[in-house]
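K.L.:
Just need the whole structure built from these sequences, with the hints factored in.
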Amino acid sequence: MEILGRDAPTCDIRIVYIRYNNLTHIVLKEEILSIKKEQLLDETTTNQKLEIATLKGQLEESRSMFSEIIKGNTSLFKKALEKTSEQQKEKPTTYSEVVRQKEKITTEKNHSHSGSTGPKTTAKEEQRETSQKI
Numbered sequence: 001m002e003i004l005g006r007d008a009p010t011c012d013i014r015i016v017y018i019r020y021n022n023l024t025h026i027v028l029k030e031e032i033l034s035i036k037k038e039q040l041l042d043e044t045t046t047n048q049k050l051e052i053a054t055l056k057g058q059l060e061e062s063r064s065m066f067s068e069i070i071k072g073n074t075s076l077f078k079k080a081l082e083k084t085s086e087q088q089k090e091k092p093t094t095y096s097e098v099v100r101q102k103e104k105i106t107t108e109k110n111h112s113h114s115g116s117t118g119p120k121t122t123a124k125e126e127q128r129e130t131s132q133k134i
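With full-length UniProt numbering applied, the sequence shown has no gaps in its numbers, which climb one by one up to 134 at the end.
No lab work stands behind these hints: they were computed from the structure. None of these values were measured; they are calculated from a predicted model. One or more hints might be untrue.
Derived DEER-like restraints, expressed as beta-carbon distance ranges [as the list claims (entries may be wrong)]:
| no. | residue 1 | residue 2 | range |
| --- | --- | --- | --- |
| 1 | 71 | 51 | 25 to 35 Å |
| 2 | 59 | 95 | 46 to 56 Å |
| 3 | 95 | 61 | 47 to 57 Å |
| 4 | 95 | 55 | 53 to 63 Å |
| 5 | 52 | 73 | 27 to 37 Å |
| 6 | 72 | 101 | 28 to 38 Å |
| 7 | 61 | 104 | 55 to 65 Å |
| 8 | 81 | 105 | 25 to 35 Å |
| 9 | 52 | 81 | 38 to 48 Å |
| 10 | 86 | 51 | 47 to 57 Å |
| 11 | 73 | 102 | 36 to 46 Å |
In silico DSBU-like pairs for lysine-lysine, Cα to Cα no more than 30 Å straight-line [stated by the list, open to error]:
| no. | residue 1 | residue 2 |
| --- | --- | --- |
| 12 | 71 | 56 |
| 13 | 83 | 71 |
| 14 | 83 | 102 |
| 15 | 102 | 124 |
| 16 | 104 | 78 |
| 17 | 124 | 109 |
| 18 | 83 | 56 |
For glycine and all other residues, C-beta sits at the position ideal for the given N, C-alpha and C.
P.N.:
Structure below.
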């Protein structure tokens, strides 16, 4: 296909002469422009459809990854809750229990010192002595 320019029989701007299959066709320039516009619109809509499909695919991938992350986080969260509940069972919860455990530790420490000659005191006795000094 060949578009003829100055060699065309008339110089009318609105008419385009196209040689196709050894025949010369007279076509209005407006028709060519409208055809080109339609082709461009078709191409852009096709491109937009492809972009939309791609974005939808990416969105689905993101959703599935996000749901997997949420599932993973909930299982991790459950494990963390189980751990903390186990630790809370092991740890004393009241102040008196904490004091009793400290007393046990101090008495064990005092008993383990074999070289000391002084009297062995407990945490309560130490607390009393410090409070009396104050």
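K.L.:
Kindly confirm whether 47 to 57 Å is satisfied by the beta carbon distance between residue 95 and residue 61.
P.N.:
For residue 95 and residue 61 the Cβ distance comes to about 53 Å; the hint holds.
K.L.:
Does residue 78 lie within 30 Å of residue 104 when you go C-alpha to C-alpha?
P.N.:
violated (34 Å)
K.L.:
Has the hinted range 47 to 57 Å been met by the Cβ atoms of residue 86 and residue 51?
P.N.:
The hinted range 47 to 57 Å holds for residue 86 and residue 51, with Cβ atoms some 52 Å apart.
K.L.:
Tell me if the beta carbons of residue 52 and residue 81 are separated by a distance inside 38 to 48 Å.
P.N.:
holds (42 Å)
K.L.:
The hint says 28 to 38 Å between residue 72 and residue 101; measuring C-beta to C-beta, is that right?
P.N.:
holds (37 Å)
K.L.:
Could you see if the CB distance from residue 52 to residue 73 stays within 27 to 37 Å?
P.N.:
holds (31 Å)
K.L.:
Is it true that residue 81 and residue 105 lie within 25 to 35 Å of each other by Cβ?
P.N.:
holds (29 Å)
K.L.:
Tell me if the straight-line CA distance from residue 83 to residue 102 falls inside 30 Å.
P.N.:
Since the Cα atoms of residue 83 and residue 102 sit roughly 24 Å apart, the hinted pair holds (cutoff 30 Å).
K.L.:
Verify the CB-CB distance for residue 71 and residue 51 against the hinted window 25 to 35 Å.
P.N.:
holds (30 Å)
K.L.:
Starting from the range 55 to 65 Å, see whether the pair residue 61 and residue 104 falls in it by beta-carbon distance.
P.N.:
Given range 55 to 65 Å: holds, Cβ gap about 57 Å.
K.L.:
Just to be careful, I want the Cα atoms of residue 83 and residue 56 compared with a cutoff of 30 Å; is the pair within it?
P.N.:
Violated: residue 83 and residue 56 sit about 40 Å apart, past 30 Å.
K.L.:
Does residue 124 lie within 30 Å of residue 102 when you go C-alpha to C-alpha?
P.N.:
This hinted pair holds, its Cα atoms lying about 9 Å apart.
The structure fails to meet hints 16 and 18 from the earlier list, while all remaining hints are met.
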